[in-house]
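Use the sequences and the hints to build the structure in full.
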Amino acid sequence: MLNKEQQEAVEYLDGPLLILAGAGTGKTRVLTSRIIHLINSFEAEAHQILAVTFTNKAAFEMKHRIENQIGDGAKNIWSGTFHSIASRILKRHPEIVGINSDFTIIDGDDALRLIKQIINELEIDVKNYPAKNYLYQIQRFKDKGLKPEKLNSKDFHHHNLPKLAQIYQIYQSRLKNLNAVDFGDLLLYNLEVFEKSPDVLEYYQNKFQHILVDEYQDTNNCQYQWLLKLASKYKNICAVGDDDQSIYSWRGAEIKNILRFEKDFQNTKIIRLEQNYRCTSNILKCASHVIKNNNQRHDKTLWSEANEGEKIKLISFFDERSESQEIAQIIDDLQGKIKLSEIAILVRAGYQTRAFEEAFIANSLPYRIIGGLRFFERREIKDVIAYLRVIFNESDDLALQRIINLPKRGIGNATITKLLSQGANTNSSLFLTVKRGINNGSIKGKMKEALTKFINDIENFKEFSRQNKLDELVKNILNDTGYLQMWKNENTPDAASRVENLKEFISSLEDFASLADFLDHVSLVTNTENETLNKDMVNIMTIHSAKGLEFDTVFIVGLEEGIFPSSRSIEERDGLEEERRLFYVAITRAKKNLYLTHAQNRVVFGNFQASLASRFLSELPQDILDVKSSDNFYNSYDSFSMKKKSDNFSYQSKEKSKSGFLNKRIFHQKFGYGKVVEINGEKLEIIFEKTGQKTVMKNFVQLQ
DNA sequence: TTGATCGATTTTTTT
DNA sequence: AATCGATCAA
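Following our numbering, the numbering of the first sequence begins with 801 at its first residue and continues without gaps.
Hints may contain errors.
[To be verified] FRET-style restraints, in silico, Cβ to Cβ: (1) Leu-1059 with Gly-1210: 57 to 65 Å; (2) Glu-949 with Ser-1032: 44 to 52 Å; (3) Asn-900 with Ala-1313: 14 to 22 Å; (4) Glu-1419 with Ser-1367: 12 to 20 Å; (5) Lys-1035 with Lys-1218: 53 to 61 Å; (6) Glu-1263 with Leu-1059: 22 to 30 Å; (7) Asn-1205 with Asp-1317: 50 to 58 Å; (8) Ser-1032 with Ile-870: 52 to 60 Å; (9) Ser-1164 with Asp-1317: 17 to 25 Å; (10) Asn-1227 with Ile-870: 49 to 57 Å.
[Said to hold, decoys possible] Below are the BS3-like pairs computed for lysine-lysine, each with C-alpha atoms no more than 25 Å apart in a straight line: (11) Lys-963 with Lys-944; (12) Lys-1113 with Lys-1428; (13) Lys-1100 with Lys-804; (14) Lys-1428 with Lys-1137; (15) Lys-1218 with Lys-1253; (16) Lys-875 with Lys-944; (17) Lys-1029 with Lys-1085; (18) Lys-891 with Lys-976; (19) Lys-1244 with Lys-1208; (20) Lys-1182 with Lys-1262; (21) Lys-1029 with Lys-950; (22) Lys-1113 with Lys-1139; (23) Lys-1111 with Lys-1475; (24) Lys-916 with Lys-976; (25) Lys-1335 with Lys-1288; (26) Lys-891 with Lys-996; (27) Lys-916 with Lys-927; (28) Lys-1475 with Lys-1498; (29) Lys-1498 with Lys-1483; (30) Lys-1391 with Lys-1139; (31) Lys-1056 with Lys-1100; (32) Lys-1111 with Lys-947; (33) Lys-857 with Lys-1335; (34) Lys-1392 with Lys-1335; (35) Lys-947 with Lys-1029; (36) Lys-891 with Lys-1262; (37) Lys-1182 with Lys-1269; (38) Lys-950 with Lys-916; (39) Lys-950 with Lys-996; (40) Lys-976 with Lys-927.
No wet-lab data here; the hints were simulated from the structure. Every residue gets a Cβ at the ideal spot worked out from N, C-alpha and C, and that includes glycine.
This is the structure we're talking about:
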């Protein structure tokens, strides 16, 4: 059943509609119901509907739900991520922007390789001006819809990156020569298509009678312009968003797109969804209380009919090891009572997952890391894909560079650089340059032998791929080039798992009819829909990848200054507000139980150091908190644990004070384990295992 | 050209 | 702690 506002949002058909949907208010249901309603009421046919999301997962889920209700007709709906839809459109009109329809979509790795090449040629000091800063800035330009020729000095001056505009321009022309586009280009070229060809634009304006956009607060300027153009004729655009959940400004997202929606589309109807169906009222209260600290937001009141539920648990640990270790213990105790798959550990940054992985392995708790190292991003998989790219398109220099000396063929950096500059001079691809060099004798000896074999291999694979299935092709590549052998020779557990991944990769290829099909798929779909999803495992992931998900029990961990909020966000303008929204998103993932944890010490860049509790913890509503501390240390939040701790001390002093501390292993609440090397009255000299020698009062250590 | 070694640098977040 | 890049000997 839909509530009154949801129903209205589904049925409203008189032009632009903005749905401000708070966390857990059922926006996905509204979106899918609306699409079904459009079709069932004959307002639009499936192929006249455009539904845009940010993640493949969201798009997939939406489509799946609609298919369940109206069957195969749903297949004609244009639904997908901004990038996949833009790619689909660009494939139909590539000539307008001067590329071919078999363009390659390159990922961040390739883009970075290209930028590095360019800044090397321009002799820019990479030490002071790293390539990735350039790449980042260029991506931001693209997010704003700014092409190199449209830049004016104020756009790039303040970035303190020499020759930024020039590099951007060269980067674009190189991509064009390679018949390649990056993620940002997909949208950017769409805009160019629409500008250069009003007919094409009009075709899509007419085609898409109804446009629906999910997560509208995460659109960047380029996507915004794209939507504006497509919707400007019929103005049947329905955007769903929540300014409190905007967490992608670092990728160019602009909250103001929500604010200006009303101005861009006259007579916009605004519907607010404020009834939360997900969380207990305690969790909701916690989230609302936190987000109120932000200034830049629309004030809104989420409410719910749910019970208070459990209190929010706030737990403090000695260090990140005991944090992960004891959380594993807590979960172990819960096992049997609740499903593990209904538990999530949410971290601020990817590297934090490691401690949990280790703790879960130690406690033999099943877990999965969502969004971590994605399948198609693994090195061995990218290598094979690079082979496929070269086979599909021998002019794909970026892919060729990746594999020309993999496995090792004796083609070193010097040779590659030489070949590249030769290629640049003659305006020909790397592949062609190599071939030419072999023929005209400029490549000689061992080098010639190796490169001839390589070129022949590629041509053979090309031939083979015309007659054979994709998985057979890959098997041949792995065997004939010695790539598989390379890993097998390594004989490490790591290499073994790479071999396994390659096997998995081969079996995943069965679904694809052609190489072109596969390459299209792989460039835009980042992860294989993993089959482990149904298994009962604890979920570990970053908060960003948890967006849109919900779990019975959620642990938000590492709530410390410098981690959450992240150290960078503390310095950035508006950084803290976004960080707080991130916290808000994290809190509202929880349906029933919420644990907030932090460690008092943590290893940062290999150094064990004190870690301050996050400022966000002081923004929590105290009355619904249940504050606990791990038994091992002093905790500033909880007088109860202090008392318990001092009990421990008195017990110790009775039993152990006479036995002497010298040369004994001790534990200190703040510094951890150490060995006593000297006693001066009440003071002890201790060499701590992690922090070195310190002077500490006798009363503050326990014998182990 | 390769592999070893040293030192610098790193940690947001992702389509 | 772990990775990346620069440097150098073989």
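Going down the list of hints, with the structure as the test:
no.	hint	result
1	Leu-1059 with Gly-1210: 57 to 65 Å	holds, 59 Å
2	Glu-949 with Ser-1032: 44 to 52 Å	violated, 25 Å
3	Asn-900 with Ala-1313: 14 to 22 Å	holds, 21 Å
4	Glu-1419 with Ser-1367: 12 to 20 Å	holds, 19 Å
5	Lys-1035 with Lys-1218: 53 to 61 Å	holds, 57 Å
6	Glu-1263 with Leu-1059: 22 to 30 Å	violated, 58 Å
7	Asn-1205 with Asp-1317: 50 to 58 Å	violated, 29 Å
8	Ser-1032 with Ile-870: 52 to 60 Å	violated, 29 Å
9	Ser-1164 with Asp-1317: 17 to 25 Å	violated, 41 Å
10	Asn-1227 with Ile-870: 49 to 57 Å	holds, 52 Å
11	Lys-963 with Lys-944	holds, 19 Å
12	Lys-1113 with Lys-1428	holds, 7 Å
13	Lys-1100 with Lys-804	holds, 18 Å
14	Lys-1428 with Lys-1137	holds, 21 Å
15	Lys-1218 with Lys-1253	holds, 20 Å
16	Lys-875 with Lys-944	violated, 32 Å
17	Lys-1029 with Lys-1085	violated, 40 Å
18	Lys-891 with Lys-976	holds, 15 Å
19	Lys-1244 with Lys-1208	holds, 18 Å
20	Lys-1182 with Lys-1262	holds, 19 Å
21	Lys-1029 with Lys-950	holds, 19 Å
22	Lys-1113 with Lys-1139	holds, 19 Å
23	Lys-1111 with Lys-1475	violated, 40 Å
24	Lys-916 with Lys-976	holds, 17 Å
25	Lys-1335 with Lys-1288	violated, 31 Å
26	Lys-891 with Lys-996	holds, 16 Å
27	Lys-916 with Lys-927	holds, 12 Å
28	Lys-1475 with Lys-1498	holds, 13 Å
29	Lys-1498 with Lys-1483	holds, 6 Å
30	Lys-1391 with Lys-1139	holds, 13 Å
31	Lys-1056 with Lys-1100	holds, 17 Å
32	Lys-1111 with Lys-947	violated, 52 Å
33	Lys-857 with Lys-1335	holds, 18 Å
34	Lys-1392 with Lys-1335	holds, 21 Å
35	Lys-947 with Lys-1029	holds, 18 Å
36	Lys-891 with Lys-1262	holds, 23 Å
37	Lys-1182 with Lys-1269	holds, 20 Å
38	Lys-950 with Lys-916	holds, 23 Å
39	Lys-950 with Lys-996	holds, 16 Å
40	Lys-976 with Lys-927	violated, 28 Å
When held up to the earlier numbered hints, the structure conflicts with 2, 6, 7, 8, 9, 16, 17, 23, 25, 32, 40 and fits the remainder.
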